[in-house]
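Peer 1: Letter by letter, the chains look like this.
There are 2 protein chains.
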Amino acid sequence: MALVLSYDDVRACITMADAIGAIETMCHEQAAGAALFADRVNLRLPNGWMRLMPGALIASGVFGYKEFHLTQVAGSQPPSAEVRYAFHLFDYRTGEPLATMDANFMTAIRTGATSGVAMKYMTRPEAAVLGIIGSGSEARSHLQAAAAVRGIKKAYVFSRSAERREQFARDMEQLTAIEVQPTGRIEDAIKDADILIVGTNTAGTGPALKGEQLASRSNQGLHVNSVGSTLPTQRELDPAVWTFADRIVVDSRRLLQESGDGIAATQAGAVSDAKVSELYEIVAGRAPGRAGRQESTLYKSIGTGLQDVAVASCIYRAALAKGLGRTMQPCQLPKVVEPN
Amino acid sequence: MALVLSYDDVRACITMADAIGAIETMCHEQAAGAALFADRVNLRLPNGWMRLMPGALIASGVFGYKEFHLTQVAGSQPPSAEVRYAFHLFDYRTGEPLATMDANFMTAIRTGATSGVAMKYMTRPEAAVLGIIGSGSEARSHLQAAAAVRGIKKAYVFSRSAERREQFARDMEQLTAIEVQPTGRIEDAIKDADILIVGTNTAGTGPALKGEQLASRSNQGLHVNSVGSTLPTQRELDPAVWTFADRIVVDSRRLLQESGDGIAATQAGAVSDAKVSELYEIVAGRAPGRAGRQESTLYKSIGTGLQDVAVASCIYRAALAKGLGRTMQPCQLPKVVEPN
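Protein chains in written order, with the numbering used here: chain A, 1 to 340; chain B, 1001 to 1340.
Fair warning: there could be bad hints in the mix.
[As the list claims (entries may be wrong)] Where chain A lies over chain B, by a calculated footprint (3+ residues, C-beta under 8 Å):
#: 1; segment: 1061-1071
#: 2; segment: 1076-1086
#: 3; segment: 1134-1144
#: 4; segment: 1252-1263
[What the hints assert, rightly or not] Subject to a maximum C-alpha distance of 25 Å in a straight line, what follows is the list of computed DMTMM-like cross-link-like pairs (lysine to aspartate or glutamate):
#: 5; chain 1: A; residue 1: K335; chain 2: B; residue 2: D1008
#: 6; chain 1: B; residue 1: K1322; chain 2: B; residue 2: E1126
#: 7; chain 1: B; residue 1: K1335; chain 2: A; residue 2: E82
#: 8; chain 1: A; residue 1: K335; chain 2: B; residue 2: E1166
#: 9; chain 1: B; residue 1: K1335; chain 2: A; residue 2: D8
#: 10; chain 1: A; residue 1: K275; chain 2: A; residue 2: E24
#: 11; chain 1: B; residue 1: K1120; chain 2: A; residue 2: E82
#: 12; chain 1: B; residue 1: K1335; chain 2: A; residue 2: E163
#: 13; chain 1: B; residue 1: K1335; chain 2: A; residue 2: E24
[Stated by the list, open to error] Just a few of them, taken from the derived set where beta-carbon distance is under 10 Å, the chain A residues facing chain B:
#: 14; residue: M1
#: 15; residue: I263
#: 16; residue: L324
Derived from the structure by calculation, the hints contain no laboratory data.
Remember, predicted model here, so these are calculated numbers, not experimental data.
Where is the CB? At the ideal position from N, CA and C, for every residue including glycine.
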């Protein structure tokens, strides 16, 4: 029997700390060569798209894929769209379906959790001040991820919308007991930050953070953590931010070709092989996340199918332990064949 | 609410004639530019693989994907593997999940049905004698497909295994009321055939049909219909069969790079652009399937995600009409976003 997990089930099955642990374990599996994935497939449609991202974690005994699609609602004014996420998990040894789950919450928490692992290995241990550029769901999950790995005392949040940044501050102070100060000046979010989260939706509006803005900072050893440019058309960092960083870590080198920021930095010659590591390499100790207190570091992510598999597997095990979800007879019956 | 359809539900919802109709409609949608698909993705695993094939038929109002995976059962001796197929169907206008179904039967019938459309447009109208090389599930579905579009009076089936060819003959005579004669000599299956079905599993053993064997035939106007080489490692026709054909139709030109037969024929210079059409082009009247009684024709297929979508949509509509399947609350909740 397979489990069907709703949005609420998923939410009840995972905390940020659990997700960070799952991503760290995934990094060790990657280092051991026990993590496999394929390029995602993207079906473009006149009114949206569908994407499929597969991956396997052999030592964890699971494989699966995320399916997500966006549909523009016909006739809506202003134009709006709906996105739906599902994750399908299978038993690696037997091929049996284990679970189908809503993957909306999972997608938000896994991006934050992967940054949490990056921050654990790349920020100074005493990092206490957070600057946040952006006030959406990524900004929220990243404040929680930072708080899970460092003793964050204060956060500054910049957003162009006064209403959104004030709402963010109210919500997050309540959720985390961290003092959150909204600001309409990006410099305020940058000035005293030990960690600068950049999580914006800047399609078409150009980079939200420019290298020259980092010159106004009061201290050294900044870690910039940027997650909002996952498509070629999206930008949030200019190439000078990459040049500013002494060390760059990515969740996947693929982003140098697929993220608008990665493409621009590569074209500007701001990326050298020697400067870039993948996240699993620093978790496994093959490369340092930070070589000294004064280093400036940059983490960039695009999201991978492996991150989804790792978090989905963690959610599935928790759901079993808690007795959450509906059970269903899978419709996929096995058929015996000759292997080829 | 979405429908969950088991193997038995699917089987009760579609006949070969229904499936042929669905594929013919799909061809017209392709010709109208209302059919979209993306390359399939293949995740290789140490003990098997998982594949994902997406497609959309806009005028039919659906999109979706097939997920199938093969798992070698640990420790089985002789080695055996299990394959599991599922199809997930969505509403094109709203993005809502419509159905999840076992796609094992669907996969077999869609390959046969696509060949049925090819035979309808490429064989001589009075074709009555069928030669079949192979005795597996493809051979079975193709006898039914041929019988659905032409007045087949007699079939010869060749297989190296006497037990398998005799079982095939008994089963198919009972199912179709066509006289089926088993033979251990491939020439007997070729000699009087109007239509020659080649559906073998010849990984590593070389082509089952050679061009020189076609010289022994008693009449002209043969249609060869080959469906058993869908991977680079699989072969069932030698390049001389491609040279023998006056006209070649493929379900997707992609097979010239992905099917072992397509690769070998291309490398041997046996394929010219002028000689090859895609199936939808002949259905839409943009190219002839057969230009005269004496022509020899060849149809080759590799399988496409669109064929799956077309047949899955047909199955879904029949299940609704018949009240078959279980209903379930989909776990994918919509989330409103800005379109990008």
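Peer 1: Are there three or more residues in the segment 1061-1071 of chain B whose C-beta lies within less than 8 Å of some C-beta in chain A?
Peer 2: As far as the segment 1061-1071 of chain B goes, the hint holds, because 6 residues have Cβ atoms under 8 Å from chain A.
Peer 1: Let me know if the C-beta of M1/A comes in closer than 10 Å to any C-beta of chain B, holds or violated.
Peer 2: violated (13 Å)
Peer 1: So if I understand the rule, the pair passes when the alpha-carbon distance is 25 Å or less; does K1335/B with E163/A pass?
Peer 2: holds (21 Å)
Peer 1: For the segment 1252-1263 of chain B, does the count of residues with a C-beta closer than 8 Å to a C-beta of chain A reach 3?
Peer 2: violated (count 0)
Peer 1: Please verify whether K275/A and E24/A have alpha carbons no more than 25 Å apart.
Peer 2: holds (22 Å)
Peer 1: Within the assertion that chain A covers the segment 1076-1086 of chain B, do at least three residues meet a Cβ-to-Cβ distance smaller than 8 Å?
Peer 2: holds (count 8)
Peer 1: When I compare C-beta atoms, does the segment 1134-1144 of chain B have three or more residues closer than 8 Å to chain A?
Peer 2: violated (count 0)
Peer 1: Does E82/A lie within 25 Å of K1335/B when you go C-alpha to C-alpha?
Peer 2: holds (5 Å)
Peer 1: Check whether the Cα positions of K335/A and D1008/B lie no farther apart than 25 Å.
Peer 2: Given pair K335/A, D1008/B holds - Cα atoms ~14 Å apart, limit 25 Å.
Peer 1: Holds or violated: K1335/B with E24/A, Cα cutoff 25 Å?
Peer 2: violated (29 Å)
Peer 1: Would you check the hint for K1322/B and E1126/B, treating anything up to 25 Å between C-alpha atoms as holding?
Peer 2: violated (36 Å)
Peer 1: Please verify that hint: I263/A, Cβ, nearest Cβ of chain B, below 10 Å or not.
Peer 2: violated (17 Å)
The structure fails to meet hints 3, 4, 6, 11, 13, 14, 15 and 16 from the earlier list, while all remaining hints are met.
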